[in-house]
Amino acid sequence: MKTDIQIAQEAVMNKISDIAAKLDLTEDDIELYGKYKCKISLETMEKLKEKKDGKLILVTAINPTPAGEGKSTVTVGLGQALCKLNKNAVIALREPSLGPVFGIKGGAAGGGYAQVVPMEDINLHFTGDFHAITSANNLLCAAIDNHIHQGNSLNIDARRIVFKRVMDMNDRALRQIVVGLGGKINGFPREDGFMITVASEIMAILCLAENLQDLRERFGNIIVAYNMDGEPVFCRDLNVQGAMTLLMKDAIKPNMVQTLENTPALVHGGPFANIAHGCNSIIATKMALKLGDYVVTEAGFGADLGAEKFLDIKCRFGNLKPDCVVIVATIRALKHHGGVKKDMLNTPDVKAVAKGMENLHKQIENINKFGLPAVVAINKFITDSDEEIKYVKEYCESIGAKVALSEVWEKGGQGGIELANKVIETLDNCESNFKPIYDVDMSIKDKMNKIAREIYGADDVVFSSGAEKQIAELEKFGLDKKPLCVAKTQYSLSDNPALLGRPSGFTIEVKEVRISNGAGFIVVLTGNIMTMPGLPKVPAAERMDIMKDGTIVGLF
1 MKTDIQIAQE AVMNKISDIA AKLDLTEDDI ELYGKYKCKI SLETMEKLKE KKDGKLILVT
61 AINPTPAGEG KSTVTVGLGQ ALCKLNKNAV IALREPSLGP VFGIKGGAAG GGYAQVVPME
121 DINLHFTGDF HAITSANNLL CAAIDNHIHQ GNSLNIDARR IVFKRVMDMN DRALRQIVVG
181 LGGKINGFPR EDGFMITVAS EIMAILCLAE NLQDLRERFG NIIVAYNMDG EPVFCRDLNV
241 QGAMTLLMKD AIKPNMVQTL ENTPALVHGG PFANIAHGCN SIIATKMALK LGDYVVTEAG
301 FGADLGAEKF LDIKCRFGNL KPDCVVIVAT IRALKHHGGV KKDMLNTPDV KAVAKGMENL
361 HKQIENINKF GLPAVVAINK FITDSDEEIK YVKEYCESIG AKVALSEVWE KGGQGGIELA
421 NKVIETLDNC ESNFKPIYDV DMSIKDKMNK IAREIYGADD VVFSSGAEKQ IAELEKFGLD
481 KKPLCVAKTQ YSLSDNPALL GRPSGFTIEV KEVRISNGAG FIVVLTGNIM TMPGLPKVPA
541 AERMDIMKDG TIVGLF
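Taking the UniProt record's numbering, the leading residue of the sequence shown gets 1, the next gets one more, and so forth.
Keep in mind that the hints were calculated from the coordinates and are not lab data.
Mixed in with the good hints there might be a few duds.
Okay, derived cross-link-like pairs now, DSSO-like style, lysine-lysine, Cα gap no bigger than 30 Å in a straight line [claimed, not checked]:
{"id": "1", "residue 1": "435", "residue 2": "51"}
{"id": "2", "residue 1": "450", "residue 2": "380"}
{"id": "3", "residue 1": "321", "residue 2": "445"}
{"id": "4", "residue 1": "321", "residue 2": "47"}
Simulated restraints on C-beta separations [what the hints assert, rightly or not]:
{"id": "5", "residue 1": "10", "residue 2": "383", "range": "41 to 51 Å"}
{"id": "6", "residue 1": "445", "residue 2": "17", "range": "35 to 45 Å"}
{"id": "7", "residue 1": "27", "residue 2": "51", "range": "30 to 40 Å"}
{"id": "8", "residue 1": "554", "residue 2": "41", "range": "55 to 65 Å"}
Just so it is clear, CB atoms sit at the ideal spot from N, CA and C, and this is done for glycine as well.
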């Protein structure tokens with residue numbers, strides 16, 4: 001069986017200028033990054049503003065297993081299938097982070113015969129967007145410490161600097177550090193720490209900004225610290241928002257590549273969904289809606305995380321209205337939620353599938369609560385039995401949910417025809433009555449309770465004493481009327497990764513509440529969520545190499 005990278009390396013790619021031409025984009029609309037990658041000019045959006053938007057299809061999933069279950073693969077495959085049905089489809093995805101690529105995933109550009117290419121470039125440095133984000137973030141950090149060193153006219157309390165440095169790599173040693181050591185010339189010693197780039201507020205701002213000036217204004221609104229009087233200090237007080245925007249002048253432009261079947265794909269931005277809002281950029285999604293009649297996009301992890309944030313944060317800021325949601329489920333993941341151990345997931349077990357269906361049922365309910373129709377995609381693995389697939393289909397039909405088998409990993413777009421037809425049928429016959437799950441003018445506690453009870457199925461939410469103080473401070477400064485971005489484990493509907501299926505009788509524990517004022521949302525941290533992951537015992541990086549002839553191996 002060929003690996004993903006072998007399949008990708010055998011792909012016959014069209015020049016990206018030819019892909020652009022299919023969407024009526026001219027040479028003036030694109031900026032080439034070699035033969036197979038380009039950025040789309042922001043002026044193109046102005047040119048297309050009167051064009052009618054296409055249909056917006058969101059792909060989400062049940063709570064995944066640690067291995068991931070192919071949500072990006074289904075997204076790509078569905079886009080390819082729509083094109084096979086002669087539909088003008090465009091895909092909109094996030095960019096992969098180097099941390100997971102070299103850590104566990106080994107790549108995140110789809111899989112099998114449903115991939116975006118050039119796969120190696122997308123998974124590595126791509127067009128340099130993440131480097132720009134990292135540089136802009138760390139310029140602000142350098143400005144903070146330099147300001148204190150040069151006299152601290154803003155009276156910044158060095159104990160209350162809340163903006164952290166970032167790098168796009170899993171490096172647990174950098175979670176908690178001390179900076180400024182080595183004497184007077186090196187500044188004032190203080191505790192600090194790194195986050196991974198995809199958790200940075202700069203990343204969130206890139207993905208929520210409407211244009212370059214909006215990006216600059218949002219940068220200026222970042223709260224970097226508090227002064228000795230307990231008042232917030234903003235990025236604009238340090239006067240570096242202009243320089244940060246300068247670093248992002250190219251990164252803000254959406255990237256375009258193609259699938260193995262030459263379907264256009266916009267790949268732009270990449271916030272994590274368990275510690276950030278988990279969606280590609282508003283700019284890329286809106287651009288795709290102008291370029292295609294059908295836009296297939298994704299939100300990270302399960303519907304309780306990525307989809308909730310897509311619908312409550314991204315759609316609110318971008319004035320987006322999804323038309324349909326696809327929920328990806330695998331037999332393996334359903335058995336996992338039914339209590340089957342990892343080494344037995346390939347063994348047929350209809351009873352375990354039946355037990356695990358509770359998780360899928362809850363995620364369908366969650367999507368319906370937003371007023372959206374849902375289609376279940378069974379992402380087929382070769383180990384799935386006919387009896388297991390039949391059970392899932394019959395269960396979904398019994399609760400009134402549309403369901404289709406997806407074999408895009410093995411067959412590419414052809415393997416997604418059944419799913420594509422089901423999605424088109426849903427779009428033609430089911431109306432979207434989309435509405436966010438909560439009102440932003442509710443209190444922070446009421447918003448959190450709404451999400452926890454309605455989406456997670458929790459009985460209650462408890463706030464630590466520290467979180468209580470942080471909420472009171474946000475209320476004091478009038479910063480509480482914003483959407484919530486909940487940092488939570490992806491493996492469970494609860495904040496405990498060990499509680500699988502559809503747990504009940506649990507309480508969500510809020511440990512910390514932070515303001516991402518530039519992004520425009522409030523981050524609520526639950527459970528044991530870390531914003532700087534670590535590498536596993538055997539990192540994927542150990543299997544990667546480049547051969548004498550330049551061939552890359554080891555990317556999955």
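Holds or violated: residue 450 with residue 380, Cα cutoff 30 Å?
34 Å, violated
Per the hint of 55 to 65 Å, is the separation of the Cβ atoms of residue 554 and residue 41 within bounds?
Given about 35 Å between the Cβ atoms, the range is violated.
For the pair supplied as a hint, residue 321 and residue 445, is the alpha-carbon distance within the 30 Å limit?
26 Å, holds
Is it true that residue 445 and residue 17 lie within 35 to 45 Å of each other by Cβ?
Cβ of residue 445 to Cβ of residue 17: about 53 Å, so the range 35 to 45 Å is violated.
Holds or violated: residue 435 with residue 51, Cα cutoff 30 Å?
Holds - the C-alpha atoms of residue 51 and residue 435 are around 24 Å apart, at most 30 Å.
For residue 321 and residue 47, compute the direct alpha-carbon distance and say whether it is at most 30 Å.
22 Å, holds
Range hint compliance [Cβ, residue 10 to residue 383, 41 to 51 Å]:
Since residue 10 and residue 383 have Cβ atoms about 25 Å apart, the given range 41 to 51 Å is violated.
Do residue 27 and residue 51 keep their Cβ atoms within the hinted range of 30 to 40 Å?
Taking Cβ atoms as reference, residue 27 and residue 51 lie about 20 Å apart, which means the hint is violated.
Violation of the numbered hints given earlier is confined to hints 2, 5, 6, 7, 8; the remaining hints are satisfied by the structure.
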